[in-house]
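Here the protein sequences line up with chains A and B, keeping their order.
Here the working numbering is used: position 4 in the first sequence is 9, and no number is missing along the way.
Here the working numbering is used: position 430 in the second sequence is 414, and no number is missing along the way.
Some hints here could point you the wrong way.
Listed below are several chain A residues computed to face chain B (Cβ distance under 7 Å; list not exhaustive) [said to hold, decoys possible]: (1) F34; (2) A43; (3) S55; (4) G62; (5) V83.
Please keep in mind that the hints were generated in silico from the structure rather than gathered at the bench.
Each residue gets a CB set at the ideal place from its N, CA and C atoms; glycine is no exception.
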Amino acid sequence: MDDGVDTSDTPAEVDATFRTLRRVAVGYFVVFLLAVAAFPVLSLTLDWWSSSRLVGGMSPGFLVAGFGLYVFFAVLGVAAASLSSAVEHRMLGTSREPVDDDAPGSGEDLP
Amino acid sequence: MTGSAALALAAALALVATVAVVMRPRGASTVDFYLAGQRVGVATNAFAICGDYFSAASFLGVAAAVYATGLDGAWYAVGFAAGFVPVLLFVAAPLRRFGEFSIPDFLGRRLGSETVRLVAVGVVQLVILSYLVPQTVGSGITWELLVGEGVLGLDPYATGILASTAVVTVLVAFGGMRGTTWTQAVQFLLLLGALVWLAATVVAEGFHYGEAVESISSVPLDNPAGSTDGLTPEQSALHPGEPAVFGEPGARYGGLGQFALIVTLAMGTAGLPHVMNRYFTSPTGTAARTTTVWVLCLAGIFYSLAVMLGTAARDLIPAAVADRPWLAELTVDGVLRVPEHALPVLGRIFGEDAGLGVVAAGALVAVLSTIAGLLLAAAASWGHDVYERHINPRATQRQAVLAGRVTTLVTACAAAGLGLAMRPESFAAATPSIVATMVTWAFAVAGSALTPVFVLAIWWRRTTAAGAVAGMVAGLVVAVGMFTAGALTSGGLLREVLVTPTLLAAPVAVVTAVVVSRRTTPPADVERSWQTMHGTAADRRAERIARLMLAERRAARRWRRARR
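This is chain B alone, in the form it adopts within the complex (with noise of 0.2 Å):
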């Protein structure tokens, strides 16, 4: 790694430290540990949420993904942004009102069972670790291509995974959700900075859009074949016998695995524990409404921009290979082996090794800010909903803080463990990108087995404890059964379908949940839970409360400028 490529690493990783720092939780408490006191404002949320969201899927995933693919690459974008549709429409608002610390805690609370919140914190953690294990394989990536050597006898792969993960956990550890916040708010700037930075340089060099994508779709999409040398051109899932092409649908989806992979993605977002987390941060609902407003923005900005960065590496690639002998091992015959390595190589290419350092370090800011939320909803969910209610009742505030602090040490290394056992060659024939693939399988089981538990509760009255224990299962089992059946399937139609089950699988969710809560009674105190979940009342007071607090402050600076 060259001086300017580390500056820019080094830079990046001490901004963050140093408002983790800063930011760290004054005390104690739970409330304070977990949610920031509960007093995060409108703008300062949606950058922590994109930051916790944005992670190496999107950044480097969406980006290879459309590299590899083209047009369809662009589906896991769109899929991703979709996801904040279902999140502001039925979850936003009257989950904050609701309140609580986690997904399995609200789904405890609002349906009176403590089975409900065994179940949803099993899912909740197979969720976060299925979302873990690709950050470190980003991490990983990201650390071969950057710093390129490993240390204490690890490969450069091993040593990204294992260094960006002790960081994160320690920042998280130490600064529990408030310093999270800020950090994952500076976080995202960072990435986005880096993306913008990126996509503003390939077009002052003259690269354009739409020119590119005409030249591209111009000839077949070929990509490496395996570990073999060579070529293989892409076969049209959508029209059989005919080549691919880089500018329209087919490389890799037919109709309705397009459809199938949106609705994974746009389902799954409601149920992701980390960004859910994120809401009970808002002061009132209508504060987590608006806040998902801005993040809807902020998505669609930042993945228009991965997708035409995924465009420019197909595009220029090619050509710099003569003129930069370092791309060589990188490519075959102009294309790169890893798709993953499109943006952090465009970054070398018109920026040398400085560039190389800001795309990197945008990499690693994405995959330690998302590793930062899903640890402290790990956190979340083993503290609070299993030690406090479970294991320890009667625990002190400091007690329960230590056993959120040591959840996030555990499910680190667990996430670690499975990131080394983990290597992106060994799938680069299978996937379009191993990690944007990866993190489907986290928004297959959120999307199958707890968004359409969480929007029934929030929506239905008649939602029972059993019934929703009943839709988690069959959603889970069902999502997890087509997943295995789509690895041993090959190709086709119905692969499409098996290796994104939510279309199917949350259906049979909501029709098992219903079922078994129409049999079943419901709690008695539905109506008072409704009024909290969507009643403003909540809402008015937190702004009455914060008015008079404004106005407290505007006259106490009054009175000490007349004293002077």
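Extracted from the complex, chain A is given alone in its bound form (with noise of 0.2 Å):
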């Protein structure tokens, strides 16, 4: 049964993967660790993040600490792996036979 991928990869390869990964890993992070500063920031510094009221008397901090994080990490989540996961797959694996210059999209680059 021929899938067309090749079972191994070269360090070149793995080493140019390992270096987008890490870049979406840390970028990613990024984001995450700022949401969740944001929070006490906000506390500290808007008295109308912890004391307004907002849909059925709850306050915004109320509303983000209950269900806005949760969702924001689900969201975050999904994005970061299926990012992840089409970097591997188009970087790892493709068949090293010789490439059609002229099939669609074999000069594409990644972002």
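Using the hints, put the two chains back together into the complex; each one sits in its own frame.
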């Protein structure tokens, strides 16, 4: 059963993928840290954040701690996992048979 | 205990025991006993990780912390859920691709050092014990409330600890990772079911979340003051001199304290041995990553419900005291003496004894599934990393599995002994939830000593064995030192940071590991490790084999059909 994929990776391919994945992971981690750190900063600096009432009597701070952050973590996780898997799929395991230069997408680079 | 409560509990335990028997390991190999043959699917593993991770601290502790301190208690839920973001970004896929049996095994092989392995075993055992003790405390609390009676002259609290530890030790020793995976998956579904049932019942009875938050936030937040009668208003840590309010931050933590708690919990998850060991059971690195996404989504549902129910308990219990004489001895002026009673009491108010049975079964299931994961992690690190590698390197598979089983027994006895020495009432005034607080200690040690070294070993080629050992020791010493100092400090910003030490201890561990690594030589086979961790060749091979097996099975089915 030939599915057109190689079952080994070259060191250069792995290194390039590793560097791309490291950028992805660090980028998403910075976004995660900023979101988590924003809560105490907002609590200390904005009265509105803790004492105003929005949906059904909850403050923006309570809404975010009760629901919003979990939704944010899930969305962040889905986005990071999709991007990481896409990077691996594009950068590793492609067949090393000669590439047809005229084939659509053959010259496409990763962002 | 009434018939209906006993029935709910017995049904839950019977289901779990049946699954353990049906899914027991078929052979005597260590890969089967510790890693369930490395063939656990995404959904099953996600449920099992949730069963492993959502412990008494999550089920009883989060609702208790919210009940006692309002919005500040929700930081436990946020921190527990946030922990899987760093796991997803930095650990899940490369860890699985590298393989091995345990965190010490991974570090030992990646860095080519038995010293690293043994130091990691020591740290892992400390994390496991710190995590096990609050689970046993949770089982004692639940038994006390559900059954209310002891056996063989023991009090109910002690009976709960000993009975639950004994049951789970037998299940783990018998079922290994395969049985434990399936029982944990079923246990998580039972746990989530109990939480969803309670939330649905409370809402159906007229509870309005937003209105409740607004109503209980209109008065100062009061809690029982230690052993004396009467309530004491909590003081705001954000606005000194002002009373704390349920719906606003400040009842327990200042701004830095909130951040320090979340960082401690978020960074600790990636160093929890029982959770990380589960990743080795995934068939591929990509499956491990997808599993983590599932866990993040399930954690969001679970913790948002726990926060809502903690709020519901604060809002509804005071009005229920007048009509329910049994609540009088559990409360002071309408406020629970032990915050961990919040969910079981809510269950009994809205579901009578059967409701208490459902919630208590959920709590015991949470305790049992986490204890199971911790005992297996202890067995893997003692049995595989110490016994097989150092005590008896020529051990047969049967002897190695036996060593793992004996380890589960010894670790369980130690945890039960420490649990018996702890009484939650003694800590009620000092902490919003003793169960959640004790689990935080485990997260702090894991996040300070293991996670930094773990992440460096995966993402930095220059990491050396000496650097890893120095990093683990530095993180551990700083974390434990800060904890000890925090216990001796009374209140204030300093104490907040001292009792959630990862914010300082993890950077110390990283700097130490980097400085020492730069002065020593990395392992010779680092490129091969990189190929294994960051390449996907093994994943593709596994997927190819799975496709071939599937095609073969389909062809065999077609052939059988054609013959008929």
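The hints, checked one at a time:
1. Interface restraint check for F34(A): the shortest CB-CB distance to chain B comes to about 5 Å, inside 7 Å, so the restraint holds.
2. At a threshold of 7 Å, the smallest CB-CB gap from A43(A) to chain B is about 10 Å, leaving the interface hint violated.
3. Annotation: interface hint on S55(A) holds; nearest CB of chain B at approximately 4 Å, less than 7 Å.
4. The beta carbon of G62(A) is positioned within 7 Å of a beta carbon in chain B (closest approach about 3 Å), and the interface hint is therefore held.
5. The restraint placing V83(A) at the interface with chain B holds, with a minimum CB-CB distance near 6 Å, inside the 7 Å limit.
Of the numbered hints stated above, the single one contradicted by the structure is hint 2.
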